[in-house]
Amino acid sequence: MNKEELKQLKVTALHCRQNVLRMIKANGSGHLGPAFSCLDIVTALYFHVMDVDPKNPDKEDRDRFLLSAGHKGMAQYAALAEKGYFEKEILDTFGQFKCRIPGHPDMHKLPGIEVNTGSLGHGLNLACGMALALRQDKKKSRVFALMGDGELAEGSNWEAAAIAAQYKLDNLCVIVDANGLQISGHTKDVMSYEPITDHFAGFGWAVTEIDGNNMEEVVATFDKLPLESGKPNLIVAHDIKAKGFSELEDQVGCHYWAPDQEAMARAEKELEDAIKEVLAQ
Amino acid sequence: MKLILNENMDDIELTKAYNEALIAVAKENPNVVDVEADVANCIFGPNFQKEFPERYIDLGICEQSLSSVSAGMSAVGMVPFCHTFAVFASRRMCDQNYISCAYAKNNVKIVASAPGISSGENGGTHHANEDIALVRPITDITIMEPADSAAMRWAVKNAAENFGVYYIRAERYGQKRIYADDAEFKIGQANVIREGNDVTLIAEGNLMLDASLKAADLLAAEGISARVVDIFTIKPIDVDTIVKCANETGAIVTVENHSITGGLGSAVAEVLVDQFCAVPMKRIGVPNRFGEVGQIPDLQKVMHMTPEDIAAAAKTVIGGKK
Ligand SMILES: Cc1ncc(C[n+]2csc(CCOP(=O)(O)OP(=O)(O)O)c2C)c(N)n1
Ligand SMILES: [Mg+2]
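Heads up: the sequence lines are chains A and B, in that order.
Per numbering that gives the first Met the number 0, the very first residue in the first sequence carries number 0; after that it's consecutive.
Per numbering that gives the first Met the number 0, the very first residue in the second sequence carries number 0; after that it's consecutive.
Where hints are given, some of them may not hold.
Derived contacts from chain B toward chain A, CB cut-off under 10 Å, selection only [said to hold, decoys possible]:
{"hint": "1", "residue": "Leu-133"}
{"hint": "2", "residue": "Thr-141"}
{"hint": "3", "residue": "Leu-298"}
Calculated cross-link-like contacts (lysine-lysine; reagent style DSSO-like; alpha-carbon spacing at most 27 Å) [claimed, not checked]:
{"hint": "4", "chain 1": "B", "residue 1": "Lys-1", "chain 2": "B", "residue 2": "Lys-243"}
{"hint": "5", "chain 1": "A", "residue 1": "Lys-24", "chain 2": "B", "residue 2": "Lys-300"}
{"hint": "6", "chain 1": "A", "residue 1": "Lys-108", "chain 2": "B", "residue 2": "Lys-1"}
{"hint": "7", "chain 1": "B", "residue 1": "Lys-49", "chain 2": "A", "residue 2": "Lys-97"}
{"hint": "8", "chain 1": "A", "residue 1": "Lys-24", "chain 2": "A", "residue 2": "Lys-9"}
{"hint": "9", "chain 1": "B", "residue 1": "Lys-213", "chain 2": "B", "residue 2": "Lys-156"}
{"hint": "10", "chain 1": "B", "residue 1": "Lys-175", "chain 2": "B", "residue 2": "Lys-321"}
{"hint": "11", "chain 1": "A", "residue 1": "Lys-167", "chain 2": "A", "residue 2": "Lys-82"}
{"hint": "12", "chain 1": "B", "residue 1": "Lys-104", "chain 2": "B", "residue 2": "Lys-213"}
{"hint": "13", "chain 1": "A", "residue 1": "Lys-87", "chain 2": "A", "residue 2": "Lys-268"}
{"hint": "14", "chain 1": "A", "residue 1": "Lys-187", "chain 2": "B", "residue 2": "Lys-213"}
{"hint": "15", "chain 1": "A", "residue 1": "Lys-54", "chain 2": "A", "residue 2": "Lys-6"}
Derived CB-CB ranges, DEER-like [to be verified]:
{"hint": "16", "chain 1": "B", "residue 1": "Asn-28", "chain 2": "A", "residue 2": "Pro-225", "range": "49 to 57 Å"}
{"hint": "17", "chain 1": "A", "residue 1": "Glu-193", "chain 2": "B", "residue 2": "Asn-287", "range": "40 to 48 Å"}
{"hint": "18", "chain 1": "B", "residue 1": "Gly-318", "chain 2": "A", "residue 2": "Gln-135", "range": "53 to 61 Å"}
{"hint": "19", "chain 1": "B", "residue 1": "Pro-52", "chain 2": "A", "residue 2": "Glu-193", "range": "47 to 55 Å"}
{"hint": "20", "chain 1": "A", "residue 1": "Phe-96", "chain 2": "B", "residue 2": "Val-191", "range": "29 to 37 Å"}
{"hint": "21", "chain 1": "B", "residue 1": "Cys-276", "chain 2": "A", "residue 2": "Ala-257", "range": "45 to 53 Å"}
In case anyone wonders, no lab produced these hints; they're calculated from the structure.
These figures come from a predicted structure and were not determined experimentally.
Backbone N, C-alpha and C define an ideal beta-carbon position, used for all residues, glycine too.
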C-alpha cells in the first residue's frame with residue numbers, strides 16, 4: 000500500500016469517529032468507548048480489505064462483515080455512512096423511535112448489515128454458518144467477524160471455535176477487539192481469556208496479534224489472509240478503548256458516554272486536530 | 000394493606016432499593032452472595048462489592064454459567080442472588096434455570112433487571128417481553144414483580160429467608176410510590192390498591208400499575224368505577240382475589256409490561272377458566288410483535304399500553320357483561 004492510501008485510511012477512520020460523535024450528539028449518549036476502539040479495524044475492512052459495493056449491497060459474492068459485539072453498532076454505522084451505504088442525515092436519528100440505526104444493528108433496517116446482534120456470543124456461530132454455506136456454494140466470499148474481548152466469556156464462542164476448526168473454515172477471519180476492558184472493569188480482573196491466541200490456537204486456528212490502532216499494521220495483516228490454508232483465522236487486535244478521545248481512553252467508565260456540551264466540544268476538537276495532523280504528514 | 004397513594008414519587012429507584020435491601024439481608028445472613036455477569040452497574044452492584052468484597056462474584060459475560068454456578072454455590076449452603084438483564088436471565092439461562100436451579104431444588108434467586116419495554120435506544124434485542132412466559136411453567140418457582148421500593152425490600156428479604164428458586168423482576172425506572180414503608184406483603188397475595196365495582200384492572204410492576212391508576216382516573220371521570228389490583232407475585236398467583244374480582248366486578252383487564260402471551264394475562268385467564276368464573280376479559284401488554292428502539296412513552300403508544308388503551312379495554316369488557 001502506498002503512503003497516500005494509508006494516509007487516506009487514517010483520515011477516514013477519524014471521519015468515522017466524527018460520525019460516532021454525531022450519533023451521540025443526536026441521542027445524548029452512546030457506547031463511545033466500544034465504537035472508538037475498533038474503528039481503525041472497521042475502517043480498514045470497509046475501505047481496503049472487503050469486496051463490498053454500497054451501490055449493490057446485496058451482491059452475491061460480497062465479503063461479509065458481522066459485528067458480533069453488537070453494542071459497537073455506531074462503529075459499523077459510521078463506516079457504512081462514510082462508504083455511502085446511506086445518507087449521513089440518518090446518523091442524526093440514532094436511538095430515536097422507529098430509527099434505522101438502533102443501538103444494536105438490525106439487518107432489516109439498513110443495507111450492509113448482515114445479521115442482527117446485540118446479545119453477545121451469537122456472531123461467531125453465525126459467521127461459521129455463513130462461511131460454511133459460502134464455501135459449499137463455491138463462493139470466493141470471505142466472512143469477517145468482530146468480537147469484544149469481554150464477549151469471549153460467552154461459552155457459545157468456544158463451541159464455534161471448535162466448529163470453525165473442525166470444518167477448516169479458512170474463509171473465516173475473526174478479529175477480537177482486545178481493548179482489555181468490559182463494563183465492570185479490566186478483563187484481566189473480571190474474566191480473563193488471556194492469552195487469547197493460545198486458546199484459539201489450541202482449537203486449531205491460525206492466529207496472530209497486532210496493534211489494532213496502528214493502521215499500517217492492521218492493513219498489512221489483513222493483506223496476508225489466509226494466515227494458513229485450511230485453518231480459520233484469528234487476529235487479536237490489541238487496542239485502546241475510546242481511542243481518539245484521550246480523556247476517556249482506557250478508562251473503565253468509557254463504555255457508555257453521556258457528555259455535556261463542553262465534553263462533546265473537546266472530543267470534536269481533538270478529532271479535528273488529529274485530522275489536520277495526519278494531513279500535514 | 001397500607002398504601003401511600005398520592006402523587007408521591009419514590010426517593011430511590013427500584014434497582015437502588017434492590018441493592019440496599021440485598022446489603023441489608025447480607026448483613027444478617029453471611030451466606031447471602033451477589034453473583035453478577037458484567038452488568039452489575041445498572042443495579043448498583045459495586046455498592047455491595049464495597050460492603051462485602053468476598054461475597055461479590057462477577058463471572059464476566061457468561062449468563063449460562065451465572066445460573067449454574069449460583070446453583071452450585073447454593074448446593075453447598077450459600078444463598079446466591081444472581082443478576083443480569085431480564086432478556087438474558089430468561090432466554091439465555093432457560094435450561095440452566097430449569098435443571099441446575101429448579102429441578103435440582105436449589106436455593107437460587109434470579110434477579111432480572113430492565114424487563115419489558117424499558118431498553119431505550121438498545122432496541123429489540125434488549126426487550127424482555129417474554130421472560131415471564133419462559134419462566135412461569137417451571138415447577139415451584141416464585142415469580143415476583145415488586146411495584147415499588149417498599150415491595151422490593153420485602154421481596155428481597157422474603158427471598159433470602161425462604162428456600163427455593165425465585166425470579167425477581169426489577170424495573171429500571173419505576174418510581175411511583177404505592178405502598179407504605181411498613182406495608183406487609185405475602186407470597187401469593189395480590190393487593191387491591193384502589194377499590195371499584197364496575198371492572199378490575201389487574202396489573203404488575205410499577206410502570207403498568209401507574210398506567211392502570213391513571214386509567215382508573217380516566218374511567219372515574221366517565222362515571223365508571225375501576226378496581227386496581229397489584230398482582231405482586233405472578234406465581235403462585237392469587238386465585239382467591241382473582242375469583243373475587245371476577246364475581247364482584249364482572250369484568251377484568253390485565254395490564255402487563257410483557258407479551259400478552261404467557262404472562263400475567265395468560266395466568267389470570269387460566270384462573271378464570273379453571274375456576275368456572277370466566278367473565279369478559281382483555282389483555283393489555285406487548286402484542287405479538289418484537290421489541291424496538293424507542294423511549295417508554297413512544298413504545299407504550301405503539302404497543303397499545305397507555306392509560307387510554309387500558310380505559311378503552313375496560314369499557315369494552317364492561318360492554319361485554321351479560
Ligand atoms: C449476552 C449478553 N450479555 C450481556 C450483555 C451486556 N453487555 C453489552 S456490552 C458488554 C461488555 C462487552 O465487553 P467487550 O466484549 O470487551 O466489548 P467492549 O465494551 O470492550 O467493546 C456487556 C456485558 C449483552 N449485550 N449480551
Ligand atoms: Mg473489551
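Outcome of the hint check:
1. Leu-133: Result: violated, 14 Å to nearest chain A Cβ.
2. Thr-141: 26 Å, violated
3. Leu-298: 7 Å, holds
4. B:Lys-1 x B:Lys-243: 20 Å, holds
5. A:Lys-24 x B:Lys-300: This hinted pair holds, its Cα atoms lying about 25 Å apart.
6. A:Lys-108 x B:Lys-1: Roughly 49 Å between the alpha carbons, so the hint for Lys-108 (chain A) and Lys-1 (chain B) is violated.
7. B:Lys-49 x A:Lys-97: Given that 27 Å is the threshold and the Cα spacing comes to 40 Å, the pair is violated.
8. A:Lys-24 x A:Lys-9: Roughly 23 Å separates the two Cα atoms, so the pair holds.
9. B:Lys-213 x B:Lys-156: 30 Å, violated
10. B:Lys-175 x B:Lys-321: This hinted pair is violated, its Cα atoms lying about 36 Å apart.
11. A:Lys-167 x A:Lys-82: Cα-Cα ~32 Å, so violated.
12. B:Lys-104 x B:Lys-213: Not OK: Lys-104 (chain B) and Lys-213 (chain B) at ~41 Å, beyond 27 Å, violated.
13. A:Lys-87 x A:Lys-268: 20 Å, holds
14. A:Lys-187 x B:Lys-213: 49 Å, violated
15. A:Lys-54 x A:Lys-6: Satisfied, since the Cα-Cα distance of roughly 25 Å is no more than 27 Å.
16. B:Asn-28 x A:Pro-225: 49 to 57 Å: Given about 56 Å between the Cβ atoms, the range holds.
17. A:Glu-193 x B:Asn-287: 40 to 48 Å: Holds, at about 45 Å.
18. B:Gly-318 x A:Gln-135: 53 to 61 Å: Cβ of Gly-318 (chain B) to Cβ of Gln-135 (chain A): about 59 Å, so the range 53 to 61 Å holds.
19. B:Pro-52 x A:Glu-193: 47 to 55 Å: 23 Å, violated
20. A:Phe-96 x B:Val-191: 29 to 37 Å: 35 Å, holds
21. B:Cys-276 x A:Ala-257: 45 to 53 Å: 50 Å, holds
Hint compliance for this structure: hints 1, 2, 6, 7, 9, 10, 11, 12, 14, 19 are not met, and every other hint is.
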